[in-house]
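Chains A and B, in that order, give the protein sequences.
Residue numbers for the first sequence follow the numbering used here, beginning at 10 and rising by one.
Residue numbers for the second sequence follow the numbering used here, beginning at 10 and rising by one.
Each hint should be verified, as a subset may be incorrect.
Stated by the list, open to error - Computed from the model, here is a short list of chain A residues facing chain B with C-beta under 8 Å: (1) 61; (2) 62; (3) 110; (4) 206.
These are computed hints drawn from the structure, not numbers from a lab.
For every residue, glycine included, the Cβ atom is placed at its ideal position computed from N, Cα and C.
Protein chains: 2
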Amino acid sequence: MSKILSDAGMDLLFRDARTHNAWQDKEVSDVLLEAIYDLAKLGPTSANCSPMRVVYVRSPEAKARLKPTLDAGNVEKTMAAPVTAIIGHDQEFFQHLPRLFPHAADARSWFAGKPAHIETTAFRNGSLQGAYFILSARALGLDCGPMSGFDNEAVDREFFPSGTVRSNFLCNLGHGDPKGLFPRSPRFDFDDVCTIL
Amino acid sequence: MSKILSDAGMDLLFRDARTHNAWQDKEVSDVLLEAIYDLAKLGPTSANCSPMRVVYVRSPEAKARLKPTLDAGNVEKTMAAPVTAIIGHDQEFFQHLPRLFPHAADARSWFAGKPAHIETTAFRNGSLQGAYFILSARALGLDCGPMSGFDNEAVDREFFPSGTVRSNFLCNLGHGDPKGLFPRSPRFDFDDVCTIL
């Protein structure tokens, strides 16, 4: 017999989970930040390419470096969040395929010298992993505040000095204050965006 | 007190879940296909832009149209899968923002006439929604077989005739046959790809 997720689990990950804008003054431990990744890393990526790279911005010094890269509307909540995760993807991900996809000896050659294929693969799979990251954080009892409103190139320069990683989105993490929630916005109905052929 | 996901839930969505390559001969109902979307739609996207579009390929006729677009290694398992979902994203997503993000009267203007911003936003958020889709299917007791190996332009012509939707990835759905599983490939350790600042 098939198992399905409990109602409580569906509530925690999807139905009751909301994008938070205000934060309780509660720290998030290193162990919890590690546990988010340890769950999220198990989600599927093509050829197990795993391009996501994460910088957790937590100290006041690191927050101060992030602040000038943020859109005005994202400054206050991001400075108040216990942690802000920078989700990026490494354009050199394919160099690691001999380790990550060991049964295909030539996997690196599927990408080497093909910049458009590299970029698409890194962005697609880094974004999939970013979503696994959000749901893993919720699974571990944290609230998330993901956002796209920041200067990507400035973040890349400041936090990914290797030059091979592109920032994708930011995700505030902590225990949200429900007083800062907006009403949930409407979603498309099934028939608006799905077809069965 | 914070709630966290049960061990059984973490197993179902992440730890025991695997990418399946062989399928049991069990149908997947319309109700279940609708339920996947109804859960996945709740995951966050920037400005609630919700660009994902889904075509469920289930009938023999629709499978026959999909077959010539597949990479050789993906044909047999995809033809055998009870359903194959085509996950795409609509480049015209921003036309719907007055409905989806009603409190920002000018949201459409954030994108109109900005093709690079449109494309990046559609691809990022469509991929996030694709990951919510995979985990929602697992939450409902289905196994997934996501894959990138197909001719995107041919799929777009065949299944998204409006011309505004780009295919992102395919996801076989059903009840997997564990005999078709490969051993799980290794993942990066936390310290390989994550930093706490």
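Verification of the hints:
1. 61: 7 Å, holds
2. 62: 5 Å, holds
3. 110: 6 Å, holds
4. 206: Holds, about 4 Å.
This entry satisfies every hint, going by the numbered hints stated previously.
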